[in-house]
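Q: So you can see what is in the structure, the chains are spelled out below.
Number of protein chains: 2
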Amino acid sequence: MEFVKEFATFLHQNGALKFGDFTLSSGKSSSYYIDLRLVSSFPHQFRKMVKNLQDLISEEIGFDNFDSLASVPTGGLVIASALAMETVKPLIYVRTKPKEYGTTKSIEGKIHQGMKVLMIDDVATTGGSMVNSIKILKEAGTVVTDAYVILNRLEGAEKILDSEGVKMHQLTDIIEITESLHEASLVSSEILEKIQMQVNQN
Amino acid sequence: MEFVKEFATFLHQNGALKFGDFTLSSGKSSSYYIDLRLVSSFPHQFRKMVKNLQDLISEEIGFDNFDSLASVPTGGLVIASALAMETVKPLIYVRTKPKEYGTTKSIEGKIHQGMKVLMIDDVATTGGSMVNSIKILKEAGTVVTDAYVILNRLEGAEKILDSEGVKMHQLTDIIEITESLHEASLVSSEILEKIQMQVNQN
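Those sequence lines, one after another, are chains P and S. Counting along the first sequence from 1, when you hit position 50 you're at 51 in the numbering used here, and nothing is skipped either side. Counting along the second sequence from 1, when you hit position 51 you're at 52 in the numbering used here, and nothing is skipped either side.
One thing to keep in mind: the hints can contain errors.
Identical chains share a label here; the pair holds if one copy fits it or two copies do between them.
What the hints assert, rightly or not - Under the rule of at most 20 Å between Cα atoms (straight-line distance), these lysine-lysine pairs were calculated in the PhoX-like manner: (1) Lys-49 with Lys-111; (2) Lys-29 with Lys-19; (3) Lys-111 with Lys-19; (4) Lys-49 with Lys-6; (5) Lys-168 with Lys-136; (6) Lys-6 with Lys-52; (7) Lys-117 with Lys-136; (8) Lys-117 with Lys-168; (9) Lys-136 with Lys-160; (10) Lys-139 with Lys-160.
Because the hints were derived from the structure by calculation, they are not lab data.
Start from the sequences and build out the full structure, keeping to the hints where you can.
A: Okay, here's the thing in structure tokens:
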């Protein structure tokens with residue numbers, strides 16, 4: 002996993018991954034903070050991330066075996082849109098809140114009954130927002146069997162997606178990232194243990 | 002403008018452009034509705050749109066003459082992200098509402114004092130949301146002198162951006178689009194006149 006090693010160092014050195022005491026949107030506390038939204042400011046790193054995601058999907062699913070990419074704004078959308086451009090695949094996206102004017106709808110893009118969509122998101126935490134999107138996509142008649150995320154926080158998303166019949170795939174996860182940083186002597190054993198403990202609580 | 006002709010027909014035939022009676026988010030009535038969010042569902046059309054935008058920026062600005070693309074979610078972000086991937090340029094984006102958790106900030110991505118950014122949006126109406134983003138970008142110390150939109154509704158955006166010292170560029174506008182459809186006998190003279198009247202009121 003040469004990519005993970007480089008990606009981990011990149012995230013850490015640029016402040017996209019911080020270790021300390023943070024409070025998540027769910028109210029839970031976390032001993033690290035991660036935000037992949039910074040990545041698109043580094044175009045070569047961004048391209049590398051998107052190309053690695055492309056390779057993973059190619060190996061595991063194959064780009065001829067689904068109809069459209071699907072994403073949730075905004076973190077996942079930046080990645081999905083770049084991937085759509087690169088692979089010449091259609092892209093639809095789910096609004097978290099349908100807009101209140103114009104033609105109100107919660108899915109942007111063209112869909113049809115039985116259309117096979119591949120979910121793309123940046124970071125998986127509890128999987129809540131992905132499950133909401135999957136439900137909206139299924140209600141609209143599309144078929145969702147697989148979801149790809151760049152980074153898995155290992156806080157239950159895989160399990161909750163599985164209960165929706167969706168297999169979650171990942172480019173990497175917080176343990177891999179932290180272990181890689183620890184190997185490179187960029188984080189201490191204490192931090193690594195703290196992250197492992199946090200993950201094991203889930 | 003071979004692209005505009007094809008793009009106009011594409012939008013009209015796929016329901017991304019509708020003529021009738023609509024109410025905009027501002028409360029104003031409009032004799033047409035347009036939404037470019039559908040375009041990414043048609044990957045070849047989407048690529049063509051992005052490549053045409055790339056060519057226009059190349060001719061008028063040059064990709065070496067600015068530091069980063071900047072965009073507003075979500076319509077503009079899909080386009081800006083694909084353009085960033087294709088041209089290997091950095092991308093930052095402005096949140097309309099800063100998130101309430103984690104590290105609160107209204108600009109996503111890396112910025113520095115004096116950084117020259119090029120605004121990208123899908124549709125220009127009154128220019129309100131673009132001006133808000135431009136103000137946020139300027140307050141953060143970046144320099145904004147040019148903004149690109151795919152489609153100009155010709156409802157005052159150019160003027161309001163000009164008052165902020167930003168030149169607005171467009172791939173096309175609603176008059177060009179409707180004229181092209183009229184020439185192709187896809188819309189009536191009555192509709193064309195209605196659109197021309199609506200634009201002249203602004």
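Q: Taking the hints in turn, state whether each one holds.
A: Do the hints match the structure? See the list:
| no. | hint | result |
| --- | --- | --- |
| 1 | Lys-49 with Lys-111 | between (29 Å within a copy, 18 Å between copies) |
| 2 | Lys-29 with Lys-19 | within (16 Å within a copy, 46 Å between copies) |
| 3 | Lys-111 with Lys-19 | between (39 Å within a copy, 16 Å between copies) |
| 4 | Lys-49 with Lys-6 | within (13 Å within a copy, 36 Å between copies) |
| 5 | Lys-168 with Lys-136 | within (14 Å within a copy, 43 Å between copies) |
| 6 | Lys-6 with Lys-52 | within (16 Å within a copy, 33 Å between copies) |
| 7 | Lys-117 with Lys-136 | within (14 Å within a copy, 41 Å between copies) |
| 8 | Lys-117 with Lys-168 | within (14 Å within a copy, 42 Å between copies) |
| 9 | Lys-136 with Lys-160 | within (15 Å within a copy, 43 Å between copies) |
| 10 | Lys-139 with Lys-160 | within (18 Å within a copy, 44 Å between copies) |
Violated hints are absent here; each numbered hint is respected by the structure.
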